[in-house]
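**Q** Read in order, the letters of the sequence shown correspond to residues 1 to 331 in UniProt numbering.
Hints were generated in silico from the structure; no laboratory data involved.
Heads up, some of the hints might be wrong.
Pairs of lysine to any residue, SDA-like flavour, derived with a Cα cap of 20 Å [unchecked claim]:
{"#": "1", "residue 1": "Lys277", "residue 2": "Asp240"}
{"#": "2", "residue 1": "Lys277", "residue 2": "Thr207"}
{"#": "3", "residue 1": "Lys197", "residue 2": "Lys108"}
{"#": "4", "residue 1": "Lys108", "residue 2": "His189"}
{"#": "5", "residue 1": "Lys108", "residue 2": "Met1"}
Simulated restraints on C-beta separations [stated by the list, open to error]:
{"#": "6", "residue 1": "Glu125", "residue 2": "Gly49", "range": "38 to 48 Å"}
{"#": "7", "residue 1": "Arg106", "residue 2": "Thr266", "range": "23 to 33 Å"}
{"#": "8", "residue 1": "Thr200", "residue 2": "Thr245", "range": "18 to 28 Å"}
Just so you know, these numbers come straight off a predicted model, no measurement behind them.
Where a beta carbon is used, it is the ideal one built from N, C-alpha and C, also for glycine.
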Amino acid sequence: MKVLIAGGAGFIGSTIASACVDHGIDTVILDNYVTGRAEFTRGRTAYEGDICDGGLIDRVFAEHPDIDAVVHAAALIVVPDSVADPLGYYRENVAKGVEFLQHLARNKCTRLLFSSSASIYRAAEDGRVDENSPIETLSPYANTKAVFESILADVAVAGPTKVVSLRYFNPIGADPKLRTGLQLRTPSHALGQMIDKHRTGGVFRITGTDWPTRDGSGIRDYVHVWDLALAHVAALRRFDTVTGTDPYRVVNLGTGNGTTVRELVTAFERVTGESLKVAEAGPRPGDTAGAYTSSTLAADLLGWRPTLSVEDGIRDSLRWVAKRDEVLGEG
């Protein structure tokens with residue numbers, strides 16, 4: 001099997017590529033390197049360019065006519081940035097995505113695995129969601145994912161393309177072999193900020209303390225990025241079975257357990273053996289209380305269950321931070 005991974009030089013896309021390689025799936029990477037890193041494509045077949053570049057997509061398929069499926073993981077993903085620049089997010093995540101679909105259809109690609117997001121859900125009072133939970137987008141980023149999923153559903157019904165949308169919860173950790181990880185030196189998400197403040201001696205701010213959760217802080221379903229990558233391998237292997245009776249399928253990828261920000265602080269301190277300086281602050285633009293999945297559909301359809309814990313994710317994130325500059329060649 002050979003797969004084209006759009007966005008394959010990013011954090012998640014590059015980890016998916018590593019998991020594919022480790023499980024005997026050939027990969028072709030397409031990335032414009034706006035946020036991805038060329039270093040993550042070393043030793044891999046890679047093309048630099050945009051998903052909306054029809055000539056480039058045609059060349060990729062001409063040179064790799066045996067591509068069996070496409071993983072579409074090319075997107076901008078920072079919620080506050082989407083609030084500040086909604087048009088930019090709609091252009092990158094929706095408009096260019098539509099062009100990409102047209103280029104794939106022209107090249108007779110009929111299997112698409114889409115990197116979606118659990119941020120599109122309206123959670124129940126306890127924070128739980130499943131694939132049938134109502135959609136309620138509270139940021140331009142989340143809305144780009146919901147809008148593009150609607151487009152994909154229409155495309156799949158029209159045929160012949162079939163689509164599996166994998167709705168990610170909150171990826172943490174790194175490739176356990178440390179080939180790839182978060183490329184940003186100071187990520188904006190909670191764990192990235194904890195690591196930064198732990199290293200610098202700064203104060204980690206819990207953004208939002210009045211959410212309707214058990215301790216007032218936001219709740220997330222933290223899934224190890226390697227578990228997430230292995231779910232893509234399973235989805236690629238079972239793609240035709242998963243879409244056999246429905247050309248458009250949605251599957252949540254999470255652990256099934258909610259962890260609040262305060263609980264993440266406790267887990268972080270347990271892993272490091274050191275206390276973290278903590279203060280409270282208001283929510284960031286576009287923030288929500290969060291959610292976690294109660295679905296078992298991934299196990300039923302993909303035969304996939306996460307095996308790595310939140311502590312494993314913290315530990316691998318710390319290992320990656322120590323290795324990051326060596327891999328990316330930065331001092």
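**Q** Hint by hint, say whether it matches the structure.
**A** To see whether the hints hold, each was checked on the structure:
1. Lys277 to Asp240: This hinted pair is violated, its Cα atoms lying about 50 Å apart.
2. Lys277 to Thr207: Holds. Lys277 to Thr207 sits at ~14 Å (cutoff 20 Å).
3. Lys197 to Lys108: Roughly 49 Å separates the two Cα atoms, so the pair is violated.
4. Lys108 to His189: violated (38 Å)
5. Lys108 to Met1: Holds, at roughly 16 Å.
6. Glu125 to Gly49: 38 to 48 Å: Roughly 45 Å apart at Cβ, these two residues keep to the hinted range, so it holds.
7. Arg106 to Thr266: 23 to 33 Å: violated (52 Å)
8. Thr200 to Thr245: 18 to 28 Å: violated (53 Å)
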